[in-house]
Amino acid sequence: DAGVTQSPTHLIKTRGQQVTLRCSPKSGHDTVSWYQQALGQGPQFIFQYYEEEERQRGNFPDRFSGHQFPNYSSELNVNALLLGDSALYLCASSPRGGGIEKLFFGSGTQLSVL
Amino acid sequence: GIQVEQSPPDLILQEGANSTLRCNFSDSVNNLQWFHQNPWGQLINLFYIPSGTKQNGRLSATTVATERYSLLYISSSQTTDSGVYFCARGSQGNLIFGKGTKLSVKP
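Respectively, the protein sequence lines represent chains P and Y. This note's numbering numbers the first residue of the first sequence as -16 and each following residue consecutively. This note's numbering numbers the first residue of the second sequence as 463 and each following residue consecutively.
Calculated from the structure, these hints are not laboratory results. Note that this is a predicted model, so its numbers are computed, not measured. Don't take every hint at face value.
Said to hold, decoys possible - Straight-line Cα separation of at most 30 Å, DSS-like style, residue types lysine-lysine; simulated pairs:
| no. | chain 1 | residue 1 | chain 2 | residue 2 |
| --- | --- | --- | --- | --- |
| 1 | P | K(-4) | Y | K564 |
| 2 | P | K85 | Y | K516 |
| 3 | Y | K564 | Y | K516 |
| 4 | P | K(-4) | Y | K561 |
| 5 | Y | K564 | P | K85 |
| 6 | Y | K561 | P | K85 |
| 7 | Y | K561 | Y | K516 |
| 8 | Y | K516 | Y | K568 |
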């Protein structure tokens, strides 16, 4: 079992650009959540997807959008990048109806915006 | 909004020492989780502990929900215990994290 896999591991962009991050959930999981972790902070919830729809959303602007595919994998898109978007982006997967104890996290994508 | 506060923010230990990490939360909680973030960024589940006490090897955790706090105990620390420890409470299917305790264990 490969667990939760994220790609790429590192990414460098410039202000104003757009970025797409990818996540494959753990086998048997159909729900994907995304978190942003700024340096020295705890992760913050961005949104959650299952059945290919956004089900919950944290306090993030519309520049942050996502998608879930029929195979349960997911993408996080960020438009018009700002310097403040530099962070570690973590993907977590869980089985539907599973509690927080069933969340598994990937190793993240480190995004640097210059 | 819901607040999760962790203390201390930083902790340096000599290998073999014991430590206690604390997590306070601002409202009643019926689910709480402790994580260890390794140097590569991955969050590893340690304990799901909405109440009571659990132990796993050298680690144990206690949550007193009525007093809104949880403690993580690390005994006989090893250099591999280094990293950041987070507590997080569940809220409508997602997690609210504290800022973490950065633990450095020196050989």
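Practice problem: Could you check the structure against the hints above and give me the numbers of any it violates, in ascending order? | Solution: Nothing - there is no hint that the structure violates, so all of them hold.
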